[in-house]
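full-length UniProt numbering applies: residue 1 is where the sequence shown begins, and numbers increase by one.
A portion of the hints provided could be inaccurate.
Claimed, not checked - Derived DSS-like pairs: lysine-lysine, alpha-carbon spacing no greater than 30 Å straight-line:
no., residue 1, residue 2
1, K193, K203
2, K99, K193
3, K203, K185
4, K185, K99
5, K99, K203
Worth flagging that the hints you see were computed from the coordinates, not collected in a lab. Everything numeric in this text was worked out from a predicted model, so none of it was measured.
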Amino acid sequence: MTTIVTPVKPARRSHAVRANLIALPILLVIGLVWVYPFLWTISAAFKTQAGMFTSGASLVPDQWSFENFTRAWVNAGFSGYFFNTVLYSAASTLIELVKAALCGYVLARYEFPGRTLLYRMIVGTLFIPVASIIVPQFVLIENLGLLNTRAGVILAMSGGAGALYVLLFVGFFSSVPSDLFEAAKLDGAGFLKTFRLILPLAKPVIAVVVIFQFISSWNEFNVPLVFTLGQPDLQNLAVGMLSFQGEHATDWTGFAAGMTISFLPMLMIFLFFQNYFTRGLAGATKG
1 MTTIVTPVKP ARRSHAVRAN LIALPILLVI GLVWVYPFLW TISAAFKTQA GMFTSGASLV
61 PDQWSFENFT RAWVNAGFSG YFFNTVLYSA ASTLIELVKA ALCGYVLARY EFPGRTLLYR
121 MIVGTLFIPV ASIIVPQFVL IENLGLLNTR AGVILAMSGG AGALYVLLFV GFFSSVPSDL
181 FEAAKLDGAG FLKTFRLILP LAKPVIAVVV IFQFISSWNE FNVPLVFTLG QPDLQNLAVG
241 MLSFQGEHAT DWTGFAAGMT ISFLPMLMIF LFFQNYFTRG LAGATKG
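Based on the sequences and whatever the hints tell you, model everything.
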């Protein structure tokens, strides 16, 4: 069979080249405008207090100073805040992942009274601001005796509806062929065993949920602040930024160093897993 290849017209090709030449500078300018505040914050972390105000918009410090990081890590207690942030993010991500996967599995594969109503209620929580549930969360955690504890913070951070994650798992488990579930049932697999057998197939959705929830928990401010007012040493990096604000002055270079310590690990992780994250998001939306 002969394959006919239609050649690209020179006029169409030149039009595409001109469009790229116009779009590329515009995208570069937009990219620089977007990334400049991050670069300036990192640059300010290496400047002296006086150099930060005299250098203006320059990204190159006149005099390099590493004392800001020492002051942030040791004096401001960022070593403890960093440990708390990693613990809160990892634990709440694990809880949200298991909760959303089980909920999505049940809603997708089982028929029971009130299933449609429950699904609609979960979808409805997407329109409820997360900050609006902090008061009932506070009352519940206080009644459990977990206020000013790491366990209380973890439960509060993972106690949201997680509706988006549930919907992603519902979409995935609904697309899994029924033959796999029937085969597991014939082999004598129960509810949990079948769930464990099917869950590894949901790697794209798992990747999206883990990355989204981990970043959200890493940047969480309200819950660690409100639930650790009596134990400031249990706060995370986002709340720890307040350590640089004094009664009459603010340590701006120390603040910049703290910001760098806070967002640089997440930026490195995202860049490292960028391709995996993109494939995971595409797989999740297809599911």
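Each hint, compared with the structure:
no. : hint        : verdict
1   : K193 x K203 : holds, 17 Å
2   : K99 x K193  : holds, 16 Å
3   : K203 x K185 : holds, 22 Å
4   : K185 x K99  : holds, 23 Å
5   : K99 x K203  : holds, 16 Å
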